[in-house]
Amino acid sequence: MNPADVAQAAPVVHDMSLFGLFWQAHFVVKLVMVGLLAASVWCWAIIVDKTLLYTRTKRAMDRFEEVFWSGQSLEELYRSLQSRTPTGLSAVFVAAMREWKRSFEGSGRSFQSLPQRIDKVLDVTIQREVERLNARLTVLASIGSAGPYIGLFGTVIGIMNSFTSIAASKNTSLAVVAPGIAEALFATAIGLFAAIPAVLAYNKLQSEVGKLQSRLEGFADEFSAILSRQIDERMGHGTHHPANAA
Amino acid sequence: MALKLKFNPSEPGFWVSGVAHAAILAAAMVGLSSVSEFPEAQEGIPVEIITDNQLSQITKGEKTAKEVLNNPKPRADRVADKTEERDPGEDKRDAPAPPKRPEEMKVADKEEPVAAQPPPPPPPPKPSQAEAEAKAEEARKMAETKAEAEAIEQAAEKAKAEAEAKAEADAEAKAEAEAKARAVAEAKAKAKAEAEAKAKAEAEAKKIADAKAKAEAEAKARKEAQAAKKLDMGDIKQFLDNKDRNQSTGATGAEVQKTASLGTATGTSAKLNPSMRDALMGILREQIERCYQAPISASGGNAMPPVLDIRLNQDGTLTREPTVLQAGGSSTDRAVADAALRAVRRCAPFRVPSQYAPYYTDWKTLNVQFDLS
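As you go down the protein sequences, you meet chains X and B in turn. Here UniProt numbering is used: the first residue of the first sequence is 1, the next is one more, and so on. Here UniProt numbering is used: the first residue of the second sequence is 1, the next is one more, and so on.
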């Protein structure tokens, strides 16, 4: 925007509505505002998705644990879970069971390092699950930390621009100065509007992920203990299927 | 991350968030579109609150001056060189005199309508001339009457002589008659000559007198005409003086005052100096003390002295009832205050020495700490 144009447009009554503030702003400030608005949309999309995902995951874990500790045969459970893509606890269970089964299939029975392998598989699966839960949370963190700065950048550009306009119009009355500054501050407002929920949600979701992770690890430890007991029994009494482990 | 624009029931975040943002933006545009204006700022007016006492003690001076002088006056750099003081009842200014005319002109003007008439009786310029003329007239008249009487006598004599002569002639000789007739003729001729000479002399005298009067009148008229024509500087000056002259003397005050006193342009208060004020207070306190009867409860001497508001007229009477401005809270203090009020009321016409009369505005309102312990 040319300062001379602004100076000419200065006497025009400023539209102080939200759209007016946006439309009269400098190009860079406009870009910042649009970017921050998009960031806010994205941020809230992530918040909604993650909240739903964690709720779903938690419910699935509850259901799986109920089924797991109900005394059902592990073989049956494994077979019923094999058909769909497992998540959460079921993924951990399926991964460990698959490793177990592989050890008994084929010609050579390799029991020697089975507990270590199972542990490894469990670790990897937990890591993968946590990574899945954690995905896109960094976006929230970035928006939360960078949003105010981006907004401030828009404000500084806007105020610079409005001061140039004031210098060009040679009029320092508050009626001339105020609209430009209001426009500029609007950028900071949008930045804060995007950043504050992002920061709050990031902290909340992070703690949720931590809780889920510890729950996964607890289950993995318990399951690996059950499996190693089964292995020891097998090694002692010959080959048996871990039919009624629980 | 690639946003999937297809709706995924397990990940509805993008759509939910987008719709929510659109809703919030729409609500904000509707809700925040009207800009509320600030209430109109009212400009403050500086107000100075002064008490009655201060109002009546406003001194004459300037608001920007530094202090109240002993003799408060506004600043004046110049005074008039001369001041006129007039008796009461006289005009403040002299009315300028009307332009004067020369004396002769006044007379000529007055006489002119009369002189215009065909028979101008020239006024006697000199009493001696008038007298001479009157004498001449008289002489002439007398001569005329004498001549007439003589002529009548002569006629009668002649008739007598004729009758005599006739009778004589009748009786005497004709020669005698002739002689007599000759004598009569002679006498007649003589008388006639005498009368003629007399009349001639009279006519002559009259002619001279007329000519003289005429010449005098002419000379006078000429002189008057000249006087009227002559430029009289004194008259013109007076004519010019008839216009109002500038009355300003350039004075800015009655007397020179190099330092202005603190005060207003209209204040007229004269201030008591501290010693005079003290003396006046002493006089008043002494008068009040005589009327004061301390209440019994105040005999302890620990009562708080009340402050009274006393308004006085110039003759020392009270303008209005005295009031208590400030008194202690205890019943003793109130009793003392009431007693003080009674004392002030009882002494009501206060004796104020006449030397304080010019400072009335200063002691019109008195706030007295009534310390009579």
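Mixed in with the good hints there might be a few duds.
What the hints assert, rightly or not - Heads up, simulated DSSO-like pairs for lysine-lysine below, C-alpha to C-alpha not over 30 Å straight-line: (1) B:Lys82 x X:Lys58; (2) X:Lys58 x X:Lys211; (3) B:Lys206 x B:Lys190; (4) B:Lys192 x B:Lys146; (5) B:Lys190 x X:Lys30; (6) B:Lys200 x B:Lys214; (7) X:Lys204 x B:Lys206; (8) B:Lys180 x B:Lys212; (9) B:Lys174 x B:Lys146.
To be verified - Away from chain X, derived, C-beta distances all over 12 Å, residues of chain B: (10) Ala185; (11) Lys200; (12) Lys271.
To be verified - Computed from the model, here is a short list of chain B residues facing chain X with C-beta under 10 Å: (13) Gly13; (14) Leu25; (15) Gln226.
No lab work stands behind these hints: they were computed from the structure. For glycine and all other residues, C-beta sits at the position ideal for the given N, C-alpha and C.
Going through the hints against the structure:
no. : hint                : verdict
1   : B:Lys82 x X:Lys58   : violated (115 Å)
2   : X:Lys58 x X:Lys211  : holds (10 Å)
3   : B:Lys206 x B:Lys190 : holds (25 Å)
4   : B:Lys192 x B:Lys146 : holds (12 Å)
5   : B:Lys190 x X:Lys30  : violated (160 Å)
6   : B:Lys200 x B:Lys214 : holds (21 Å)
7   : X:Lys204 x B:Lys206 : violated (158 Å)
8   : B:Lys180 x B:Lys212 : violated (48 Å)
9   : B:Lys174 x B:Lys146 : violated (34 Å)
10  : Ala185              : holds (143 Å)
11  : Lys200              : holds (122 Å)
12  : Lys271              : holds (50 Å)
13  : Gly13               : holds (3 Å)
14  : Leu25               : holds (7 Å)
15  : Gln226              : violated (83 Å)
Hint check: violations occur at hints 1, 5, 7, 8, 9, 15; the rest are consistent with the structure.
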